[in-house]
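Asker: The whole structure should be built from the sequences, with the hints applied where relevant.
Chains as they are written, first to last, in the working numbering: chain G, 1 to 152; chain U, 153 to 865.
What the hints contain is simulated information worked out from the structure, not anything from laboratory work. Glycine included, C-beta positions come from ideal geometry on N, C-alpha and C. Hints are not guaranteed to be accurate.
Covered stretches of chain U, going by a simulated chain G footprint (3 or more residues, C-beta under 8 Å) [unchecked claim]: (1) 260-266; (2) 382-393; (3) 795-803.
Between beta-carbon pairs, the in silico distance windows are [what the hints assert, rightly or not]: (4) Asp348/U with Gly78/G: 33 to 39 Å; (5) Lys536/U with Glu148/G: 51 to 57 Å; (6) Ala159/U with Ala119/G: 27 to 33 Å; (7) Lys635/U with His114/G: 36 to 42 Å; (8) Gly696/U with Glu10/G: 57 to 63 Å; (9) Gly78/G with Leu865/U: 55 to 61 Å; (10) Gln27/G with Ala194/U: 50 to 56 Å.
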Amino acid sequence: MELTVNGRTEHLRVDSRTTLLDLLREQLGLTGSKKGCDHGQCGACTMHVGGKRVLSCLTLAASVREPVITIEGLADDGALHPMQRAFVEQDAFQCGYCTPGQIMSAVACVREGHADSDAEIREYMSGNLCRCAAYPHIVAAVKQAKVEMERG
Amino acid sequence: MAGIGTATVRLDGVAKVTGRARYGGTDVVLRNPAYAVLVTSAIAKGRITGFDLGDARAVPGVMDIFTYQNIGKIEPGKTFDGGGYMGTSIAPMASADIRHDGQTVAIACAGTFEAAREAAHRVKVRYAEERPSASFGSPGVETVAVAAVSKKHEDPKIGDFEKAFAGAPVKVDHEYATATEHHNPLELFTTACAWDGDRLTVWESSQSMYGFKNGLAQQLNIPPENIHVISPFAGGAFGSRGSLTQRTAIVAMAAKKIGRPLKLMTTRDQGFTIATYRAETRHHVKLGAQRDGKLVALSHEGFEVTSRPDNYNVSGTASSTKLYACPNVFSKVSIVHADRNTPGFMRSPPETPYLFALESAMDELAYALNMDPVRLRKINDTRKDPVSGLPYTSRSLVQCSEQAAARFAWSKRDPRPGSMREGDWLVGYGTASTMYPSNIAPAAVRVTLNPGDTARVQCATHEIGTGVYTVCALVVGDKLGLKPENVHVEVGDSALPPAPVSGGSNSTASVSNALAKACAEVLEKKRGGANGVIEAYAENLPAGADPDGVKKLYKGIPSFVRGENAKKNVRYAFGAQFVEVRVHSRTREIRVPRAVGAFAAGTIVNPVTAKSQLMGGMIWGISAALHEATEIDTRAARYTNKDLAEYLIPVNADTPDIEVIIVPERDSEVNPLGIKGIGELGNVGMNAAVANAIFHATGRRIREIPIRLEMLL
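Answerer: Structure follows, in structure tokens:
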């Protein structure tokens with residue numbers, strides 16, 4: 001199959017049982033997206049497919065036709081996306097394991113127009129679990145980045 | 153110049169937000185790896201009578217399937233409380249015996265993860281099943297006093313409790329219960345192993361690099377120097393990665409047998425039974441007080457579930473008998489052996505359940521006295537441990553309580569239960585105290601000062617979300633006059649100088665004091681005329697520690713100077729939790745809109761990460777009060793909600809505004825830098841504060857957690 005990941009087109013032989021998450025992590029070495037449950041329950045594997053956030057652990061790789069963006073491809077080399085910078089500045093994580101998924105969700109949350117109030121951010125970020133419970137700081141980071149993202 | 157106490161964003165933050173941070177066994181990229189998937193038992197007690205591996209072996213790509221019959225000799229190892237490293241003495245795949253549900257019985261290895269998973273699903277195991285005992289009250293459990301099985305254990309007591317309680321004019325006498333909980337760090341319990349001749353490299357997220365190295369050496373019967381453990385980041389730990397699980401040696405053996413690097417991918421549900429957890433507890437608390445509120449009698453009896461062979465216990469009476477002044481104290485802890493996996497440390501292991509009981513009872517006593525609960529706690533404040541008589545090195549509980557109460561606007565509380573209301577919602581305010589012992593252990597570090605004002609720190613401590621990279625950089629930056637971003641920090645590698653297990657909230661104190669010693673040596677060398685690269689290796693043996701502490705440190709055995717009993721004094725951090733709950737008057741839905749916690753813990757090295765840990769801890773406490781419980785099918789002794797959809801942890805929408813106040817405190821006695829641990833402090837007491845607030849809102853006293861809406865109908 002042909003798959004475009006972070007702007008690079010790959011030609012791959014893929015087991016029909018392989019999920020998008022396992023393909024990227026185990027075959028392409030893109031270990032930024034995380035596996036926390038493999039059941040679509042935790043959100044750690046969130047990435048963008050065709051610009052929308054998807055749970056890559058519930059997505060069979062062979063079914064993917066649109067371009068994929070992962071945490072590794074969110075910003076240009078060396079730079080940080082405003083959401084990444086906001087997560088650092090607001091200390092919106094502790095162990096950091098859920099963070100790539102949180103950030104991919106957060107970028108989509110802003111783009112979807114679901115970041116207009118704290119309550120809305122909390123609701124639309126509730127598919128991403130954080131066991132360290134950095135939630136209040138995640139809300140602060142989304143608010144900070146939203147301003148910058150909308151300024152463009 | 154930024155230094156100790158300067159609010160500093162995490163220096164490993166960029167690695168974490170870009171996906172470059174690599175977690176233990178999960179993210180290692182191996183050359184030509186094979187994959188392994190575990191098969192776990194479908195019964196809790198009995199024996200394996202046979203395997204049918206034909207279908208599994210026929211899956212294309214399968215390399216081998218190992219069971220107790222062909223994995224080879226793995227030593228079970230001793231548990232940590234017996235001087236070893238293991239979290240359990242139950243050795244899976246050592247025999248046909250099954251001691252708990254979900255015990256590892258086979259490991260399927262294949263060239264791809266998909267093939268290994270399919271093969272694991274096709275393994276058929278035949279069992280001879282016996283009826284298991286699940287928990288408290290199950291037929292066949294065995295209850296024993298901890299004092300009868302552990303020479304080290306003491307049940308604190310003083311005075312004549314019975315007489316004082318009998319004569320007390322105001323009394324509280326109730327039983328309390330806390331639920332089974334699993335750590336559920338978001339990173340799964342993965343492990344990767346690669347052999348190079350007789351040398352083994354292990355990638356596994358760990359809170360104990362040297363413990364894992366030495367423990368594995370014993371299990372595999374090879375020299376520890378042949379084992380290299382790597383874990384630059386752990387995807388959450390909370391105690392679950394502090395002792396060695398039995399899986400690691402199994403993966404190492406399987407990797408050796410198939411002759412390829414092997415990566416174990418475990419599932420979320422397997423994590424409930426191949427690692428440890430917080431066992432359910434029961435408590436009987438009796439408080440007797442004078443009419444002025446002064447405690448005259450306190451009794452705390454605890455009961456904790458453990459596995460059939462192990463005596464794991466948390467015995468939080470060591471703390472609960474120290475919190476308040478009281479001349480007559482009785483306590484006793486018993487363990488209840490059931491057919492379960494062995495429990496283990498989970499964030500604030502003793503204090504979380506035991507202070508739920510005590511701080512609930514204190515709230516009941518406040519109502520019995522018709523006294524404000526904040527005032528009751530102040531009246532019973534103490535400067536010394538009432539049992540041993542040893543002084544606290546510092547104790548700022550009253551200051552914490554006053555600051556948090558003011559910020560929370562506690563004075564607006566009408567104490568009558570059910571008296572405060574907003575629309576359809578009943579409003580309740582609750583409070584409780586928190587305490588956590590300030591522990592320190594020997595640690596070794598290497599600090600290298602380079603020309604051009606940069607430095608390097610090397611220490612096999614652990615980044616489990618606590619911000620240790622930044623803490624190390626701040627301490628060394630402070631001592632050597634460098635910017636923290638110019639201090640390169642290496643942790644999470646057993647080739648580095650040893651640090652103790654990152655448990656008991658000791659790491660910042662243990663490692664920082666060792667770093668200060670190494671920095672002093674660097675400066676001494678510099679003053680002596682050294683130039684160029686200046687390197688110093690330092691071992692810190694804290695005052696009062698086992699004289700063999702450093703030798704033991706190299707063997708992966710921590711020699712704590714424990715806050716509960718530091719010989720000449722007792723050392724604790726304290727705090728006060730305040731929380732508002734709202735209970736819907738008709739549906740009984742419970743919400744927590746806000747919480748304020750104030751904490752005093754000596755020197756705070758990095759206020760940014762300290763506040764995050766305290767905040768996360770407070771949310772953990774709310775979670776314990778309202779969300780988390782591992783449900784047990786008592787007929788099968790089996791956990792039934794082994795996934796993140798049914799094991800409830802808070803999501804963002806469940807989480808209130810949290811305010812963390814750090815109350816300044818100086819304590820030069822705990823250690824030279826005056827550091828007390830904070831990783832577990834924020835968690836404690838909040839469970840009781842929420843339950844107390846629910847009583848205030850509704851008039852319903854719920855003495856078991858989590859509190860669910862059906863309990864309020």
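Asker: Look at each hint and say if it fits the structure.
Answerer: Verification of the hints:
1. Given a C-beta distance limit of less than 8 Å, the hint that chain G covers the stretch 260-266 of chain U holds, as 3 residues qualify and 3 suffice.
2. Judged by the Cβ-Cβ criterion of 8 Å, the stretch 382-393 of chain U is covered by chain G as claimed, because 6 of its residues qualify and three suffice.
3. Counting residues of the stretch 795-803 of chain U whose CB falls under 8 Å from any CB of chain G gives 6; the rule of at least 3 is met.
4. Hint check: Asp348/U to Gly78/G, Cβ distance near 35 Å, so the stated range 33 to 39 Å holds.
5. Between Lys536/U and Glu148/G the beta carbon distance is about 54 Å. The supplied range of 51 to 57 Å therefore holds.
6. Against the hinted window of 27 to 33 Å, the Cβ-Cβ separation of Ala159/U and Ala119/G comes to about 28 Å, which satisfies the hint.
7. Distance hint check: the CB atoms of Lys635/U and His114/G are about 39 Å apart, consistent with the given range 36 to 42 Å.
8. Evaluation of the 57 to 63 Å hint for Gly696/U and Glu10/G yields a pass: the beta carbon distance comes to about 59 Å.
9. Between Gly78/G and Leu865/U the CB atoms are about 58 Å apart, so this pair conforms to the stated range of 55 to 61 Å.
10. For the hinted restraint 50 to 56 Å between Gln27/G and Ala194/U, the CB-CB distance of approximately 33 Å leaves it violated.
Figure legend: structure checked against the earlier numbered hints; the only hint not met is number 10.
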